[in-house]
Amino acid sequence: KAGVTQTPRYLIKTRGQQVTLSCSPISGHRSVSWYQQTPGQGLQFLFEYFSETQRNKGNFPGRFSGRQFSNSRSEMNVSTLELGDSALYLCASSKDINSGNTIYFGEGSWLTVV
Amino acid sequence: KNQVEQSPQSLIILEGKNCTLQCNYTVSPFSNLRWYKQDTGRGPVSLTIMTFSENTKSNGRYTATLDADTKQSSLHITASQLSDSASYICVVSYNTNAGKSTFGDGTTLTVKP
Numbered sequence: 001k002a003g004v005t006q007t008p009r010y011l012i013k014t015r016g017q018q019v020t021l022s023c024s025p026i027s028g029h030r031s032v033s034w035y036q037q038t039p040g041q042g043l044q045f046l047f048e049y050f051s052e053t054q055r056n057k058g059n060f061p062g063r064f065s066g067r068q069f070s071n072s073r074s075e076m077n078v079s080t081l082e083l084g085d086s087a088l089y090l091c092a093s094s095k096d097i098n099s100g101n102t103i104y105f106g107e108g109s110w111l112t113v114v
Numbered sequence: 115k116n117q118v119e120q121s122p123q124s125l126i127i128l129e130g131k132n133c134t135l136q137c138n139y140t141v142s143p144f145s146n147l148r149w150y151k152q153d154t155g156r157g158p159v160s161l162t163i164m165t166f167s168e169n170t171k172s173n174g175r176y177t178a179t180l181d182a183d184t185k186q187s188s189l190h191i192t193a194s195q196l197s198d199s200a201s202y203i204c205v206v207s208y209n210t211n212a213g214k215s216t217f218g219d220g221t222t223l224t225v226k227p
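Chains as they are written, first to last, in my numbering: chain F, 1 to 114; chain R, 115 to 227.
For reference, chain F alone in the conformation it holds in the complex (with noise of 0.2 Å):
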């Protein structure tokens, strides 16, 4: 079965503007959760959403917000974009909120801000 989709891939913005990024989690699963992944920082966990609620947010500011549609794909957004916005951000699914079930990873979304 098809794995966890995020797009886009690669994008560049500007300082200021503000982006969406979209991940489609495997057929059935119903929990989606959010990381930024940056070479210094390591990975660190932005929210996660079950049912279309979130769930649990991480240490971010406001800039960063998320939602989860009817069918379990989620999109996350940050506006007023800043320089050290940029990194790896990976969308990651699971059959429910329990943790001791297996989290499966998309390829990310490699944001760079300018």
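Check the hints yourself; a few may be wrong.
Unchecked claim - Take a look, some chain F residues computed to stay more than 10 Å from chain R by CB distance:
1) T14
2) R15
3) V19
4) Q44
5) S51
6) R63
7) N71
8) E75
9) L81
10) L111
What the hints assert, rightly or not - In silico DSS-like pairs for lysine-lysine, Cα to Cα no more than 30 Å straight-line:
11) K171(R) to K214(R)
12) K185(R) to K95(F)
13) K226(R) to K131(R)
14) K214(R) to K57(F)
15) K95(F) to K115(R)
16) K185(R) to K57(F)
17) K57(F) to K95(F)
18) K171(R) to K95(F)
19) K185(R) to K131(R)
20) K185(R) to K171(R)
21) K214(R) to K115(R)
22) K214(R) to K131(R)
23) K57(F) to K115(R)
24) K13(F) to K57(F)
25) K171(R) to K226(R)
26) K115(R) to K185(R)
27) K171(R) to K131(R)
28) K214(R) to K185(R)
29) K214(R) to K95(F)
No lab work stands behind these hints: they were computed from the structure.
We treat Cβ as the ideally placed atom computed from N, Cα and C, and that holds for glycine.
Dock chain R against chain F, hints included.
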């Protein structure tokens, strides 16, 4: 404060050799511990997941161990291959809720011919 520390930060070994990566954590209460492999430019792939009652789990040439008393885990790679070159990330969950996890910074393994 929940923390996950991995060592070494990077490691270079020759093809065919074995190696062991370490993960120490202070996460409490403990729910489960996972090891991921992340190839450069790709998303992480799950290798193993262990709960409190499990002390060893294997996935092919990868064997993870867990000592819940000392809060240590190791990932042993046997007969390394060039394709093992990647970053290995230890993740410890302190709640059954998937979002309650602490990530290690990873160990970068390079396997040379």
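Now the hints, each set against the structure:
The beta carbon of T14(F) sits about 24 Å from the closest Cβ of chain R, which is more than 10 Å, so the claim that it is off the interface holds. Chain R leaves R15(F) outside its interface by the beta-carbon criterion, the shortest separation being 24 Å against a cut-off of 10 Å. Consistency note on V19(F): stated as away from chain R, and its beta-carbon is indeed over 10 Å from all of that chain's, at 19 Å minimum. The beta carbon of Q44(F) is not kept farther than 10 Å from every beta carbon of chain R, the shortest such distance being approximately 7 Å.
Every C-beta of chain R lies more than 10 Å from that of S51(F), the closest at about 13 Å, which supports listing it as non-interface. No Cβ of chain R approaches the Cβ of R63(F) within 10 Å, the least distance being about 19 Å, so the stated non-interface status holds. Distance to chain R confirms N71(F) as a non-interface residue, since its nearest Cβ pair spans about 19 Å, more than 10 Å. Annotated as non-interface, E75(F) keeps its C-beta farther than 10 Å from every C-beta of chain R; the closest such distance is 17 Å.
Against the 10 Å criterion, L81(F) stays outside the reach of chain R, whose nearest CB is about 22 Å from its own CB. Against the 10 Å criterion, L111(F) stays outside the reach of chain R, whose nearest CB is about 14 Å from its own CB. For the proposed pair K171(R) and K214(R), the alpha carbon gap of about 22 Å is at most 30 Å, so the pair holds. The suggested pairing of K185(R) with K95(F) holds, with an alpha-carbon distance near 28 Å, which does not exceed 30 Å.
Annotation: proposed proximity of K226(R) to K131(R) holds, straight-line Cα distance about 10 Å (limit 30 Å). For the given pair, K214(R) sits about 9 Å from K57(F) by alpha-carbon distance, which is consistent with the 30 Å threshold. Between K95(F) and K115(R) the alpha-carbon distance is near 29 Å, which keeps this suggested pair within the 30 Å criterion. Restraint check: the Cα-Cα separation between K185(R) and K57(F) comes to about 26 Å, which is no more than 30 Å; the hinted pair holds.
Distance check on the hinted pair: K57(F) and K95(F) sit about 19 Å apart at the alpha-carbon level, within 30 Å; holds. Taking the CA atoms of K171(R) and K95(F), the gap is about 22 Å. The hint holds against a cut of 30 Å. Restraint check: the Cα-Cα separation between K185(R) and K131(R) comes to about 27 Å, which is no more than 30 Å; the hinted pair holds. Between K185(R) and K171(R), the direct Cα distance comes to roughly 16 Å. Compliance with the 30 Å bound is thereby established for this hinted pair.
For the proposed pair K214(R) and K115(R), the alpha carbon gap of about 13 Å is at most 30 Å, so the pair holds. The suggested pairing of K214(R) with K131(R) is violated, with an alpha-carbon distance near 35 Å, which exceeds 30 Å. With a C-alpha separation of about 17 Å, the suggested pair K57(F) and K115(R) falls inside the 30 Å cut-off, and the hint holds. Taking the CA atoms of K13(F) and K57(F), the gap is near 25 Å; set against the 30 Å cutoff, the hint holds.
Restraint check: the Cα-Cα separation between K171(R) and K226(R) comes to about 26 Å, which is no more than 30 Å; the hinted pair holds. Straight-line distance between C-alpha atoms of K115(R) and K185(R) comes to about 14 Å, which keeps the hinted pair within the 30 Å bound. For the proposed pair K171(R) and K131(R), the alpha carbon gap of about 20 Å is at most 30 Å, so the pair holds. Between K214(R) and K185(R) the CA atoms are separated by roughly 17 Å; this keeps the pair inside 30 Å, and the hint holds.
About 16 Å separates the Cα atoms of K214(R) and K95(F), which keeps this hinted pair within 30 Å; it holds.
In the structure shown, a violation is registered for the earlier hints numbered 4 and 22, in ascending order.
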